[in-house]
Amino acid sequence: GAVVSQHPSWVICKSGTSVKIECRSLDFQATTMFWYRQFPKQSLMLMATSNEGSKATYEQGVEKDKFLINHASLTLSTLTVTSAHPEDSSFYICSARESGVREGSPLHFGNGTRLTVT
Amino acid sequence: GNSVTQMEGPVTLSEEAFLTINCTYTATGYPSLFWYVQYPGEGLQLLLKATKADDKGSNKGFEATYRKETTSFHLEKGSVQVSDSAVYFCALSSNSGNTPLVFGKGTRLSVIA
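Chains as they are written, first to last, in this note's numbering: chain B, 371 to 488; chain D, 2 to 114.
Since the hints were made in silico from the structure, they are not lab data.
Predicted, not measured: the structure shown is a model, and the values here were computed from it.
Stretch by stretch, here's where chain D covers chain B in the computed footprint (C-beta under 8 angstroms, at least three residues): (1) 393 to 405; (2) 410 to 418; (3) 476 to 486.
DSS-like, lysine-lysine: derived pairs with alpha carbons at most 30 angstroms apart: (4) D:Lys53 - D:Lys78; (5) B:Lys411 - D:Lys78; (6) D:Lys106 - B:Lys390; (7) D:Lys69 - D:Lys57; (8) D:Lys106 - B:Lys425; (9) B:Lys411 - D:Lys106; (10) D:Lys106 - D:Lys61; (11) D:Lys106 - B:Lys434.
A few chain D residues that don't get close to chain B, going by computed Cβ distances all over 12 angstroms: (12) Ala18; (13) Leu20; (14) Ser84.
Glycine included, C-beta positions come from ideal geometry on N, C-alpha and C.
Work out the full structure, taking the sequences as your base and the hints as a guide.
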């Protein structure tokens with residue numbers, strides 16, 4: 371089955387530093403990947419849609435300069451949290467749908483990255 | 002816009018009890034519907050799906066039927082196990098374009114022996 375690998379699974383960083391999270395589709399190509407954020411005991415909030423070879427589309431209220439998304443290839447998207455602050459601590463999850471698959475098919479999710487900013 | 006409403010948790014059941022988690026949706030057109038499960042500290046795993054009205058998705062003893070007339074996709078399992086303890090998310094996807102999923106708030110299920 372389709373596998374999405376997300377790395378790192380957890381990271382602790384100091385306030386003011388930047389953290390990069392990688393999301394890879396291991397056995398399929400994905401022209402579009404989605405980044406979600408999940409607060410404790412809450413649902414997933416869509417942050418942005420990552421498009422291969424073009425700029426990401428951010429949801430309202432998400433700072434594009436803070437959450438930099440790069441989708442350099444059909445199998446890799448990265449999310450960089452720049453100048454991280456404690457309020458950025460959260461669980462970040464990426465997801466992807468196989469390119470060319472029928473519309474409405476499921477998303478495949480990475481295992482998430484727990485970011486803690488001290 | 003599209004939205005998903007699912008029953009508030011947490012839900013606590015004894016092993017072998019019957020499970021129902023209600024989910025209703027609002028959408029234009031004919032969305033695809035999904036149930037995802039999230040175990041502690043992990044990402045989301047697809048549990049089951051249905052792509053059109055009256056479809057029944059099933060997996061690992063869980064079932065859900067796409068009811069267009071009631072705009073519902075309730076999750077059921079006849080006999081839960083301790084290992085079913087997790088958070089369950091109902092979600093929908095528009096069938097137009099490569100669109101993200103819209104999730105419900107999630108329902109935490111705890112099964113006790």
